[in-house]
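Visitor: For reference, the chains in residue letters:
2 protein chains.
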Amino acid sequence: MERKFLMEHESKDLLEKYGIRTAKCIFSRNLNEAITAAKNLGFPLVMKVASRKIVHKSEVGGVRFVYNEKDLVKNFEELMKIRGAEGVNVQQMFERGFELFVGVAEDQQFGSFLAVGLGGVFFSAIKDYSIRLLPVSRKDLEEMFRELSSREILMKLDTEAVINLLLKLNEFVEKENVIEMDLNPVFVYKKGYVVVDARIVVGKKKDFSREIRKVILDPESVAVVGASNNPRKVGYAVVQSLRSNKNLKIYPVNPNLKEIDGIPTYKIEDLSVDLAVICLPAEKVVETVEKLVGRAKEALIVSAGFKEAEVEEGKIREERLRELSRNIRIIGPNVFGFVNVIKKINASFTPTFSNLKAGRIALVSQSGGICHYILHKFDVGFSYIVHLGNRCDVDFPDVFDFLEKDQNTKVVAVYVEGVDNGRAFFDGIRKLRNSGKYVVVLKAGKSSVADVASLSHTGSLAGDYRIFASSMKQAGAVLVEDPVELIDSAVLLEKYGEIKSVAIVAIQAGLGIVAADIIESRGGKLAKLSEKTLKEIKNILPPITFRENPIDVSASGLDSEKLRKIFETLWSDENVGVVLFCYAEAPPVWIISEDVFKKEIVVWIPEKRLKDVVVFDSIERAAKALAAITKCF
Amino acid sequence: MERKFLMEHESKDLLEKYGIRTAKCIFSRNLNEAITAAKNLGFPLVMKVASRKIVHKSEVGGVRFVYNEKDLVKNFEELMKIRGAEGVNVQQMFERGFELFVGVAEDQQFGSFLAVGLGGVFFSAIKDYSIRLLPVSRKDLEEMFRELSSREILMKLDTEAVINLLLKLNEFVEKENVIEMDLNPVFVYKKGYVVVDARIVVGKKKDFSREIRKVILDPESVAVVGASNNPRKVGYAVVQSLRSNKNLKIYPVNPNLKEIDGIPTYKIEDLSVDLAVICLPAEKVVETVEKLVGRAKEALIVSAGFKEAEVEEGKIREERLRELSRNIRIIGPNVFGFVNVIKKINASFTPTFSNLKAGRIALVSQSGGICHYILHKFDVGFSYIVHLGNRCDVDFPDVFDFLEKDQNTKVVAVYVEGVDNGRAFFDGIRKLRNSGKYVVVLKAGKSSVADVASLSHTGSLAGDYRIFASSMKQAGAVLVEDPVELIDSAVLLEKYGEIKSVAIVAIQAGLGIVAADIIESRGGKLAKLSEKTLKEIKNILPPITFRENPIDVSASGLDSEKLRKIFETLWSDENVGVVLFCYAEAPPVWIISEDVFKKEIVVWIPEKRLKDVVVFDSIERAAKALAAITKCF
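Protein chains in written order, with my numbering: chain A, 1 to 633; chain B, 1 to 633.
If you are wondering where the hints come from, they were derived from the structure by calculation, not from laboratory data. Just to be clear, a hint being listed does not mean it is correct.
Heads up, the list lumps identical chains together, so a pair's fine if it works in one copy or across two of them.
Unchecked claim - No farther apart than 25 angstroms at their CA atoms in a straight line, the calculated lysine-lysine pairs in the DSS-like style are these:
id, residue 1, residue 2
1, 127, 631
2, 377, 608
3, 599, 525
4, 525, 500
5, 53, 24
6, 357, 598
7, 437, 246
8, 538, 315
9, 377, 431
10, 233, 562
No experiment lies behind these values; they were computed from the predicted model shown.
Produce the complete structure using the sequences and hints provided.
Guide: Take a look at the structure:
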């Protein structure tokens, strides 16, 4: 299907068919037609140059207000002289309303999306618009309005009518094959709206369908092609990693050695395994994978030197792998591996990861460096660690599908640099959420420089961050800003599930203020305490303290019984999602009884280990993760 | 001087006196005057209702375009019927330009400020404006324009003319006692501008002058009033803190005891000391301070129960202290104290602070909790720790003045909740900067809730964060978002001074991308590497890596000689401010020689101690502090 520009009157006629109200116009090729049109519509009128080439009519003087036939004749002639003019549209004049912009376009990664915001001449300068992928729900639209700076003006007008208009676009865009549409402006009134100008392009939509195939993260037999007995080689490290699991059948492959560290070596030709880990120079990888077809169900390629490299051979090799992946699943290339922490299978080149603590958080990352960073920093329980690297075959949606069905995982923490098929990524996250799991996402490449760097890094195109962020909100994922927030948020979701608001209790007022400030300034939610709660807390605490949220308990908080009562009061308030307690040790050192803490989130400096509750070593970390989560729910 | 509203024609006449171009208008009380005015100006004209009571003329239908005398008569009559009409202004019609808003107002904390931004009907909805305190410099104005979303449109027009207009306001506002002014809109053209509407209020400006008096942070003799030998009392802790300094003369005061921990006690009547620390119940404090006048130069009041308390007595007590401070300097009340780390004087109730590491960072904080939080978390060298609490007398500007003259301090880290005299705060920071010291500021109360909480906490009014942030930028302070950033930024400024840009070198690309992303998305600056540098780095590194900023050195970075060459190349590039190196340990564990690091900032996980360079335990911390600093310089 060819890309086809509709003229203004054609665009409006099409919209009208779907019950969308437009400023109908009559296309006139000559003066007589214009005069007839004017007689039908009645003065005053607007005359606009009609052209498929002119995008901004006002800028070329292509919009005229006419009050009588004399005006009409003069303006018709002038408009027809504008370069590119194919005719003149004669249109009824409408009272000026709030100028809304409604746009539809196709993103290369995410497909059709809707943009709604402040229209008119300020559209491009102010950029006050909000985005969601199509189709949109009423809830999506309400969220979009909340994101607009100009919502104050818009909310006084007929937003219900606008919502109805926008909901119609779901079907309209799909059925009419709209790939681009600008309704700018749409005049919005106290009652109703009218689409004043419309520009539509129809054509063939990009196909985002993608087959999800099973990924193996629980192999029973693993070959290591390029196994080595030199401790400085990756092929040695991988064998060490795997050996920590005594039940795993390991098949080292190295034609020059009879055994490696006591394990006999094998020939590729004799293999029949679930997984083959390849630790060979890049130039040998393709032929090896060819040989492995039918002998291994999945190949994990540690080797680098593929599309991430600046050399042409790398790209050719990766293309060959992509073709081979029809017959064998491929993870990588350019990965350090994966760890199935539940089953203690460390299929990676980092032997220390054999001893990770088991838990319900899965980490799926495009970068191996970020995995190492996180696993060094956090003493947290994980279910799986999966590094995807170049993703010539196995990609995020495949791993999401695996995790969706996995009973051991409650939270999926995702580090992504760029996505090729954002729509499939979005769908995968939606499915995870629908299956009751939580998803936290960190996207690198918010800035232009990181974009280019990650392009080189994993050879993928990092799209516009705004579309990415909007789509994650739409999918129900918690979006965070850095790796520490990624894991902190995952830890809180694993422990507390959905968190809607935070009540803060601080021994020192300053700490509570800083925490409240971080949460609010990042768009998170502080609990609005009920009247009953406020009254009860006022009874517990002396009047020298601040007894709203954040609650400054001051030295009274060092009295365990008072503190216990405050916590109980807060927990019984249905407006309270979680309680965040902050304390930096200072004299007098009365001891708070540890059994006071049942389900609070605690910042205790210097860090104190407590049972049953999540303890952070900084206010900033606790508050930032809580901001990210409460903003989402 | 009374508050006086000028009428539109009076406002414009006044502006014209200063060479500011306005759409001059003729004030007409009756139809004859209006007709005469029209004859002088010539049609087409604009007629506007003239009234000191109507702020938004358009909203009441008070602006009319008239093309002939008949129009004029009809419109004159209609305009005069508008409630509040005192007459009609007749004005020449101007071509519509970019609608700029220029406003002047008086902030209760900071005094006169200028706001410039997008005018017209969008002013209040879009809030696209930028603020600076008056007077402004050309540099300030250029920065203001850069902050506007609508700068793209404005920059194509005659900004030079606008700058000249705005610079004239420095003198205008001062000499004419302008306390409020709206020039909205000012039409800006490709050539020139015209002030289309003007509303001015003159009156008496608030006086922000404040005497700076010497604060004593290096006492040689210290009394402790309310000293105790009960280890659970504050009066015991303070004596312990002071005793760590053997040279200090300590005078415990307690009428019920002969000695405390081996030191004989004294009567207040016999004292003659530099400093008296008061650890008594609130109700005894005022009479004690009265007695101390003439016997102590300065009183540090640890006791709480003053204006921060909800009770009326607290406010009365604080007012009495304020009066007494004419005769004795007072720090507090409601403070944990101060520590002069250089001279090892710990005048606080936290004995563990006697052993702080000496350095060139002074921490001045309104919250004692934040001081404890920071001193527990950071193993960093400080010159002074000063807690200001309620600030009934000694306030930020006094401490800034002390530090300005102090040779031991290079960086001043400030935690502030609210300021009463923001202008004096601003001036104090400017003076610190002018004396060559660096200032980092964390303001609590960005959000509304924190505002109210800090109001209770230290009884001060936290003003609009936007004015605060703008004034800090104007004063040359680095503005940060949380306590960790506060100290991290101070550490970097102490070590590296002004930092203009960052070059990132990462062993794992993902870490470099995350760092770059944080820096750029927060408005910090990444170094633009010179052609020469790029070429040299391409010669050092293989083509599989990303060799721009951030530089992905990959495994080549584990070769100490290559890494050294890269660092040297970067340091010789004048576009590079600092080099940030990132590494999360991963096999193969080749060792990087430690002597490679000369002046880099290093993130090495798990943290490695290195001589001579600043090491961070997270990418986030390094990148956020570098973002805050490079954004400022």
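Visitor: Could you run down the list of hints and mark each one as holding or not?
Guide: Do the hints match the structure? See the list:
no.: 1; hint: 127 / 631; verdict: both (22 angstroms within a copy, 23 angstroms between copies)
no.: 2; hint: 377 / 608; verdict: both (17 angstroms within a copy, 13 angstroms between copies)
no.: 3; hint: 599 / 525; verdict: within (19 angstroms within a copy, 42 angstroms between copies)
no.: 4; hint: 525 / 500; verdict: within (7 angstroms within a copy, 36 angstroms between copies)
no.: 5; hint: 53 / 24; verdict: within (20 angstroms within a copy, 43 angstroms between copies)
no.: 6; hint: 357 / 598; verdict: within (23 angstroms within a copy, 37 angstroms between copies)
no.: 7; hint: 437 / 246; verdict: neither (31 angstroms within a copy, 62 angstroms between copies)
no.: 8; hint: 538 / 315; verdict: between (68 angstroms within a copy, 20 angstroms between copies)
no.: 9; hint: 377 / 431; verdict: neither (30 angstroms within a copy, 41 angstroms between copies)
no.: 10; hint: 233 / 562; verdict: between (60 angstroms within a copy, 20 angstroms between copies)
In summary, the structure is inconsistent with hints 7, 9 from the numbered list given earlier, while agreeing with the others.
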